[in-house]
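Now for the letters of each chain:
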Amino acid sequence: MNDALAFLALPALACAALVGIHAYFGLQVLARNVIFVDLALAQVAALGATVAFLLGHPAQGLAAHGYSLAFTLVAAALLATTRRWSGRIPQEAQIGVIYVVAAAAALLLVDRAPQGAEHIRQILTGNILTVGWEELRWAIPLYAFVGAAHPPLTRWITGRFGGGWLAEFAFYAAFGLVVTSSVGLAGVLLVFAFLIIPAAIGVLHAEGFRRQLVIAWIAGTAVALAGLAASFAWDLSTGATLVCVFGIALVVAGIARRVRAAPDLAAFVRGLLRGARWLAAFALLASGFWMALAPRADQPALDILESAVPAVRAAYMSGKDLAIAQEATEFARRYRREAAQLRATEAERRWKGEPLDEHQLRRTASFLKSYNEMIRGEEFVVREVRSRAREAWRFAIAAAFLLAALAITPWPWARWRHALRGRDPSR
Amino acid sequence: MRAALGSPLVLARLAALCAALAFAGVAHGEAKLRLVATTAELRSLAVAVGGDAIEATHLIPGGQDAESFQPRPQDLVQLRGAKAVLRVGVDYDLWLDRLLAQSGNRDLQRGGAGYIDASVDVALLDVRAGGVGPGDGHAHGRGNPHYWLDPANAEAVTGTILEALMRLDPANAKRYEANRLAFLKRLDARTAEWTQLLAAGRGRPLIAYHDTWPYFARRFRLRFLGIIETRAGVAPSPAHLAKLAADGKRERVSAIVREPHEPARDAEFLASRTGAAVVVLASGVDAVPQARDYLSLIDYNVRALAAAFAKPEPR
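The listed protein sequences correspond, in order, to chains A and H.
Here the numbering used here is used: position 194 in the first sequence is 194, and no number is missing along the way.
Here the numbering used here is used: position 292 in the second sequence is 292, and no number is missing along the way.
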């Protein structure tokens, strides 16, 4: 338990560092409308490392980094140049082209490479959970340096030469430097989330670069810590959990903005609730129709309801059917347990005690296959009994859904009643 | 009848026919049987049986992950001209089905004369029960597909190859049989040597990145405590990694095993937590420069592990 928590200390530090630098670049990426530029630059860096490898340099050596950097700088120059063409072709399209061509070219080159080309793939597949201190020791000073040097450099360039090509080049080059390192730490998906989502939250909730940046930092770090906690609590893959939690955070931030912008908070909340009720009513209505139409098909609404309140099943299944389903479930569970035991025994005999001979091994495999068939059989029974009951009660269940939908709709029943009453005396 | 046979014209015809048949036989003897294997290790086993009577190629470039293989146009050309195709089976090279259909080569389709599934005679490990999808024959969980890593399974696989080659090319049957026997003799001698080399590692705990090693482990009585990547392509969760680190430390794990194409950082992370060494093993021919053919593949793995076991146990 505490071990897992201890495991999350370095990832938390890495998250804070990554949010710090990526929120800064993310705001500029959003302003420039070049959302996927990080993917393109990371892919170009990987292409550079591939070329270095093919030329005989060790993967992840100094030469590989040099080639990566050189390729990234060329891509930065290309991006700074093509920005002026964006009247005809959106720059996003150009970025997409750079990405796919770099990815495909790396694929073709790796195909020609002898063993060891796999190391190159590791440039793009970081894992935030296993980030090491040796990597952070380099990455954090790099981010700090780029973060500190880029703004004054940009100001100087703009003052001296105007904000043209050179300023753009400086932006893409600095960003490329950061992204090449961060993708190796955290992976493509997570770096994209770090780049875009905190910045988007900042833009949603503040005006002016500095305020946006501060909000992005605070929100991004908090969300990343929440994501790490979720990954720990629910035993989920850390990178993927972080990305999903960032997605949820953006939705929450969007709603929060609407709440803040609403002139009358109570009215806004009422409107929100009304919307939610309409949505639920429509879902129930659709479920009712679906039930009447295809009772044997997947019925997500009923399934969710049953898993939350198992008693619902008793409402439409007879006692006998319930007993059959219960028994089949029990058997399936037993078979699973026995099969797991059999597998564990076999696995242990690989190294402990007398080894199983080929004949015993084949018998184990065939037992496991039989278990598999039997489990599937029992699952079929459960499904079939339930489907038959649903088929028999399809219209009643559909009607129940319909009634529930009507009850939930924020339909102005009350207003109608008033209107009717109001009309009555005039007759 | 005798009169008919005796007539010079008929005799001449018969002679011509015999000559033609003999010529065809010679021509047939010269044309090598073309076999396409999916992986380099299967190709090596096919060559062990076929010798220079067959011309064997393989589709997946050595050392690449078989799962992420992308066929090229040349692969279709190869299959079109082949007389036999040799696959790993057990859902390991599913992409081949599509390629075979596209090649239009009737003999190579499932059930065709030239279709060889190397797994048919192998006793599979880790056949899963439960959680298997609809039974279309392609459901995962049919068993662990890395069976060639047990040298004893090479006997079953070469047996399957021999049977197919004898059927496709009966003229060379004797040769194929002799080749296989010679190979098995060498294999037996090497297996005895390997078993001795790994005797010190018996029961000593190991951790692997991917579940590639059950057959290898069974043969040499090695013990794998756990797997880092329990589901292909999904990074481990903190709790899983913490458990592996704790188990590894408690049991004094001897080595963290990974293949060249698997992420180094996760293995190294665990190595730094448990004090074990990272050992790079090859599951296929050409995955490392030392693994040039089937025997040197197993030899490389055995020696790499034996070297890890030779080091003193971590604290």
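Honestly, the hints are just simulated from the structure, not real lab data.
Positions of the beta carbon are idealized from the N, C-alpha and C atoms, including for glycine.
Misleading hints may appear alongside valid ones.
[Unchecked claim] Heads up, simulated DSS-like pairs for lysine-lysine below, C-alpha to C-alpha not over 27 Å straight-line:
(1) H:Lys311 <-> H:Lys249
(2) H:Lys32 <-> A:Lys352
(3) H:Lys243 <-> H:Lys311
(4) A:Lys352 <-> H:Lys249
(5) A:Lys352 <-> H:Lys243
(6) A:Lys352 <-> A:Lys369
[As the list claims (entries may be wrong)] Part of the chain H face toward chain A, derived, beta carbon under 8 Å:
(7) Ala123
(8) Leu124
(9) Ala171
(10) Lys174
(11) Gly203
(12) Pro214
(13) Leu225
(14) Ala242
(15) Pro263
[Claimed, not checked] Here are the computed distance ranges between Cβ atoms for each label pair:
(16) H:Ala152 <-> A:Glu134: 39 to 45 Å
(17) A:Glu134 <-> H:Gln109: 26 to 32 Å
(18) A:Leu142 <-> H:Ala200: 40 to 46 Å
(19) A:Thr329 <-> H:Glu193: 37 to 43 Å
(20) A:Asn33 <-> H:Ala277: 47 to 53 Å
(21) H:Ala173 <-> A:Arg363: 39 to 45 Å
(22) H:Gly203 <-> A:Gln326: 56 to 62 Å
(23) H:Gly233 <-> A:Val74: 30 to 36 Å
(24) A:Glu134 <-> H:Arg303: 28 to 34 Å
So which of those numbered hints doesn't the model satisfy? 2, 9, 10, 13, 17, 19, 21, 22
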